[in-house]
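Engineer: What follows is each chain in one-letter form.
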Amino acid sequence: MAEATTSVVEKSAERAAPKKSLQLNEKLIGILMISPSVIAIAVFVYGFIAWTGWVSLSRWRGIVADLSYAGFENYINVFKSYRFQTDIRNTIVFTLFFLLGSLVIGLLLAMLVDSRVKGESFFRTVYLFPMALSFVVTGTAWQWLFSPGTPQEPHGLNQLFHMFGLHVYQNWSTTSYVWPGGGWRPDWLRIPVGIPVAMIPVIVAAIWQMSGFTMAMYLAGLRGIPEDLKEAARVDGASEWQIFRKITLPLLQPITLSAVIVLGHISLKIFDLIITQTGGGPGFATDVPGIYMYETTFKSNKYAEGAAVAIIMLLLVSVLIIPYLIYNMRSETER
Amino acid sequence: MSTKPMQLPRIRYSRIIIYLVMIAFAIFYLLPVYLMLITGMKSFEEVSISRMWALPSSLSFDSFAAAWERLDVSFLNSIKLVIPATVISSILGSMNGYVLSKWKFRGVDAIFTAILFGMFIPYQSILIPLVLTLQKIGLYGSIPGLILTHVVYGIPITTLIFRNYYAGIPGELVEAGKVDGAGFFGIYRHIIFPLSVTGFVVVAIWQFTSIWNEFLFGLIITNSPEQRPVTVALQNIAGSQYTLWNVQMAGALLVAIPTLVVYVLLGRYFLRGLLSGALKG
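Protein sequence lines correspond, in order, to chains A and B. Here this note's numbering is used: the first residue of the first sequence is 1, the next is one more, and so on. Here this note's numbering is used: the first residue of the second sequence is 336, the next is one more, and so on.
Any given hint might turn out to be false.
[Stated by the list, open to error] Restricting the straight-line Cα-Cα distance to at most 20 Å, the calculated cross-link-like pairs of lysine to aspartate or glutamate (EDC-like) are:
{"#": "1", "chain 1": "B", "residue 1": "K439", "chain 2": "A", "residue 2": "E26"}
{"#": "2", "chain 1": "B", "residue 1": "K513", "chain 2": "A", "residue 2": "E26"}
{"#": "3", "chain 1": "A", "residue 1": "K27", "chain 2": "B", "residue 2": "E510"}
{"#": "4", "chain 1": "B", "residue 1": "K471", "chain 2": "A", "residue 2": "E26"}
Don't read these hints as lab results, they were simulated from the structure. Predicted model, so just to flag it, every value in this text is computed and none were measured.
The shape of chain B in the complex, shown without the other chains:
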């Protein structure tokens, strides 16, 4: 009884410290976003680097408009690229995950491991042959070429996520399907696929985010402003000297918006993809 009033204030202080530290970190993480937002909302007359932290005196979207002018074509390119690439690699991943978890054969773990290695390699180590090959088959410098590249190098991660996901579906369900005379496709269609909705959402969000954000392939495989994805266009704005910093900040936010919206709405699934990327599903 007597210890309780003694302990109470101590606990409260530690609580306050916890909240203060958490708020300090939240400010650290939100600082760039704050800057991007207020910069984009200032009129061109008001944009001045000596007042970059100040709130805008009136609402205007000049910087966003100027940034959009330089990004619109690439933005569309990224959409054209990310949708088919996401769909195809999700389907491939689902099929691979199904086979590797439910139709195991000799050496299956070795094959799975060999596939996984592909997601860790530095892509520099395949860039030269990739460019030469795409040139040979006439896909270099085109969006289909980028789609092909993202689909192929997306196989390891989509396979991994689906395989871990399907490992959670009890083997008895598959056995029951076999007893009922269902074959490879029957079991997939009637048992596995209907249980895959979450898996598809996780993989699709993961692929959407990483392909949208990808830079190196976009930089190397496209060679004209008409074809390049939005990250390459943004880097181009950042690299040119005459561009105003406010246009860069606004542009960065524009590029971030699609993946941010997905993250805010479907963060739970994004997190699942993230954690299965670290193996051990």
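Bound conformation, chain A alone:
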């Protein structure tokens, strides 16, 4: 018995020795095969970010590149500017309502689709289809849906309300009104604080496009909750509401986190939708950092200022993304 074991061990050791060096060779081939991608990412992502950072610290304010060092001057000017302060307010408002709307509607739709209805796949397909569209398509369509017209001759949704006898007239997309807007504010803050009304159509369009995505995520999560668990709770006399609060919601929490990360980073860098739907206007009522960066850099040739805005955008996204990526990496390594 002991003899047999030794011989097996010996044999496998014998075999393992040449295999090990062979494996090392093969591993090197693997590293070689991914190196083009790794180098491309190193240059096009990390190298370019450093380059942008360098531009943001320069005096490049015209067509001719001037990379002399200006310190944090550009950043200070950006933070002091009316436009950037507006953009930050708008981003906060957009992110808040877009996230809230997408999460609530997504969860609601997922639960409806999951409640053993007829035509389930039809509804799922309809709710998710905007995800297959370009933000530019969405922006073009919703621009017309929210086009106000006049109280006498309303357009778009106003007209639809009219046809159903609801004589409301909303000029969402032409007003630069900020609600509530008044009140005390510190000296450095140059903008009215509140919700820019013109942002509402953009938020509706964004929710229209992305809520199907949260539905799909929640649906996958709901399907992963074992029915026995709910059944056991029912046997114990729990109401459907209690089951939802105590079992379903807690188990869906990781999905909510993923959705917040994905939607949150989309909303921090939103550009296509807004530039198509409103162009950032009226005034700067729907302007966001993405549009600011684009116009400052590529229309006014103020490269240093544009780069500073870009780096601020990157930092905002990083605050959200990097902890998530590290968390994912840790749980990956543990596996």
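Guided by the hints, dock chain B onto chain A, whose structure is given.
Structural biologist: Same frame as chain A, but now just chain B:
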């Protein structure tokens, strides 16, 4: 026994409410599509913003024709751009996913995470160097320049999808290949690649959809109407004041058709790509 007739009507009412809410949401999602469709089918004489919700009295494709006139070159550009970019980034993604899941080495997770970061960055933060670099290598303002850009910035997502996909292929299969003396390429060709069909479909659909729909790179990297992709052309129609709204609506639908067709036919794979984009495959 006695509770059953009592409960039945209550359940039915809740069922009706469920269906009503679902139908209301379906209308909300389909509203813009309805508008785009009926607008495109009205004749120019019938197009009037005060009757924009009304059905067309007769079938005509005037608006589609007018929109197509402004989009045809760009439509072709997008096709020329999206096919090579999709193919190249799928191949790269497959290779990366294979190495990162089956040939792990020290620091592999850190490299993977560093690659992933590239898919979350706001592209504004790399645009200036990107333009300067493309100008230097003579690819600025051209479709090859756009292809290169989409391939590079597509690496994170394609790698992620393939890596998660290959993680589902049992390690024993790869070990068995090694025992049989197969090397890096042998295992890929005989074991991994034949099992990759679904992975390639998911990645190809994902890349096709996102590159077709992409706007910012197209806007910045192309500078002439002959080179620009279809989303930029559509935004251009929307931005010009003299254009009729019906042409915009019809144009938006034309731009949407390719990705919509893919979605309707292959929605299952689109969904898989979507969900793996949120990490945790």
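Engineer: Holds or violated: A:K27 with B:E510, Cα cutoff 20 Å?
Structural biologist: holds (14 Å)
Engineer: Would you mind confirming whether the straight-line C-alpha gap from B:K471 to A:E26 stays at or under 20 Å?
Structural biologist: Not satisfied, since the Cα-Cα distance of roughly 37 Å exceeds 20 Å.
Engineer: Is B:K513 within 20 Å of A:E26, Cα to Cα?
Structural biologist: holds (10 Å)
Engineer: Would the hint linking B:K439 and A:E26 be met if the CA-CA limit is 20 Å?
Structural biologist: Satisfied, since the Cα-Cα distance of roughly 11 Å is no more than 20 Å.
Hint 4 alone, counting from the list given before, is not met by this structure.
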